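Between the sequences and the hints, there should be enough to build the whole structure, so can you do that?
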Amino acid sequence: MKVEEVKVSLRDVRRAIKDFYDPEEWHFITVNGTDVGGRIELKWFFTKYGEEEAFKVFTAEANYDDEIPTLTYIIPSAWISEWELADLLGLNVEGAKKGLFLDPDSPKAPLRRG
Amino acid sequence: MGNRITIPFGSQHVALPEPIRFVFQTENEKIVDVEVDVGYVHRGIEKACMTKFKYTQVGYVVARVCGLCAISHTLGYVTAVERLMNIEVPKKALYLRLLASELDRVHSHLLAMGHLAEVAGYENLFMHTFRDRELVMELQELVTGNRIQFDYVTVGGVNRDLTPEVEKELREKLKILQEKCLWLKDVFENDYTIKLRWKGVGVITPEMAIELNVVGPPARASELATDVRNEFNYLPFKEVGYKLITMKGGDIYARNMVRVEETLNSLDMLFNILDGMPEGDIKVPVKGLPEGEAFVRIEAPRGELFYYVKGSKKMVLDRLRIRVPTFANVPVMKELFIGMDYADVPATVISFDPCLSCTAR
Amino acid sequence: MKDMFIESLKNLFRKPATVKYPLEPSPTPSNYRGLIVYKEELCIFCTKCEMVCPPGAIRFTYNEDGSKEFHYNPYLCIYCGECVRACPKPGCLIQVEETAPSATEEELPNWDDLERKADESKKRWLQARKKKKS
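Chains as they are written, first to last, in the numbering used here: chain R, 1 to 114; chain X, 115 to 475; chain V, 476 to 609.
For the record, the hints were derived by calculation from the structure and aren't laboratory data.
Fair warning: this is a prediction, and the values are worked out from it, not measured in the lab.
Watch out, some of these pointers could steer you wrong.
As the list claims (entries may be wrong) - Okay, the calculated bits of chain X under chain V, using three or more residues with CB under 8 Å as the criterion:
#	segment
1	239-249
2	252-264
3	414-420
Ideal Cβ positions, reconstructed from N, Cα and C, are used throughout, including at glycine.
The following block contains the structure:
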C-alpha cells in the first residue's frame, strides 16, 4: 500500500488540497474525524484512479470549537461528509447544517469521548 | 410558469423498503430544488463498535449494518484488522471469501434489477427476476448457513469449509442460474418497454461523474473506469477472470446493463473459483491486539466501501469509520434531480440501488 | 417483448415457485445455522462462550456455593457459532440445524432480569474470591 501522508495546519488545508486536487486523477473518498482526547484529528482521504492502492491523506488537528474550512468549492460532493462531521462529532464546519443523522432530541456529538 | 409546489417523496416507497426522504420543489413538472434526509435509521453502530464490542466481535456487528451487503462490511472490517495485525490469511480462506462475496454481488444486483423493473411498471419482469434470485439465496444458505446475515468471514479466515457435496450442488445450481441470467439479460437489453422508459433518463455525464466522485455501477455506466476490485488488492480477483465493465450513456438503462454484465461476470468468476479452489487451512489463529491505523476500500455491490480502523493495543477499537457507497452517491443524486421531470424520480432513485441502512448506520 | 409474452403464458401452467408453507412442510435446509445446544455434563465452566458471544446471548449466573449456571437466550442469539468454536470441550456446545421455537409457544425468558442477576452474582462471586485469597 502506497500512502502519502501530508500534515497541514487547519488553516492551510483548503489551499493544500486546492493545489493538489485534480478531479480527473484523484478520487475523494471522505473526511474522517477521530477524537484523540480534547482534540479532533481530521483526515481527508484521496485515492488515485486506475492505480493499485495509491492513497494520499491530509491530516490536520482541530480543537472542539475551531471552525473547519469546507472543501465544497473544490470538491462539490464533499458536503455530505462534512455534514456528517458536524453532526456526529459536533464540530463547527463552515456551511454545514446539523441534523443529517441526528434528531433534535438525540444526544449531541455522540462520537466524542468522555 | 406555475407556482412552486412542494412534493415530499418518501420516506415510504413503492419498491424500496428503506427510508429515504426527498423534498422536491417543483414548477409544474420540473424540479427546481431538492432537500434530502437520509438519517431515519441511524443506529449509532460506529459508536457501539467503539465502546461496547471487542474487536473480535465487531465483525458480526458491522455485518448488521446492512443485510444486502453484509459480506462486504465484514470483509472490509476484517481486511483492515488483518492488515493492522499483520495476519497472513490462507489462500483457501481468500478463495472462500471470494466465493461468498461474488454470490452476494449476484443476489444484490438481481435485487436491484428487479426493483428497477418494478418502478418501470413492469411487474412481470420483477417477479421473474426475484424468482431467479431465490436460487442465489439458496446457494448462499448452502455455503454460509443463512440467507442474508452470513457471519461467514472472521478475523484470520472463514468460519466454514466447503464440503464436496455443497460444491457439487453449487455447480449444478449455478449452471441453472447462469442460463436464467442470460435469459434475463436478453429481456433487459432488448425489451421495448424498458428501452422506452429508461433510455436517456437520469443521465450522469462523464464530467459529472468525475466532478462528484460517483462510485460503483453508476460511475461505470458513465465511462468512469473505477472499480475497487481493480484498484485495491484485498482478494485475488484477477486470478479468477475479473473484467472491468464500463458502459456509455450514463442513463438508467446503462446503469442497469452494467449490473447485468457484472452479474454474468460474477457467475463466470464463481465457476473459476470452484475450479481453482486451493487446498489448505481455512483459518489461522489470531493473537495480539490491533495497533495503529488502517484503511481499506472494498467493492460492495453498490460501489466503493471504505473502512477506517484505528486501534491502540486495547480490546476495544479507538475509531471505526464506515463510508458506504450510497453515502457517496447522494450528492450526485441531488444534482441529477434538478431540472428533471418529477415522474422520472422513482426510477432514478432506484437506479442507484440506494441502501439507506448502510448510509445512516 | 414477444419472448416475455410467451414466457408469461407458459408460466400460467407451471408449478408455483413458492412453497405452500402451512399446507406443505418447509424444513430447514441442510447446513443451516440454527440453535445452540448445551450439554451440562460436559461443561467445565470456563465461561469462554460468554466472553466471545457478540450479542450476549449466553450468560452465567453464580450460585452461593461457587457453582455456575448456564443460560441461553435463543431469541437474542445471532447463530454465528463463535461460542461453538471457542468451546475447549468438544461436544459441549453444538449447533443444530433447527430454528428457535416461535416466541408465542412458550413463555419468553425474562432476559433483562437474568442479565441483572448474572452481573450481580458475578460481582458477589468475585468479592468472595478476593476475600478468600486475602
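Hints and how they fare:
Under a criterion of three residues with beta carbons nearer than 8 Å to beta carbons of chain V, the stated coverage of the segment 239-249 of chain X is upheld, 4 such residues being counted. By the rule of at least three residues with a Cβ nearer than 8 Å to a Cβ of chain V, the coverage given for the segment 252-264 of chain X holds, with 8 such residues. For a cut-off of 8 Å, the count of residues in the segment 414-420 of chain X with a CB near a CB of chain V stands at 0, and the three-residue condition is violated.
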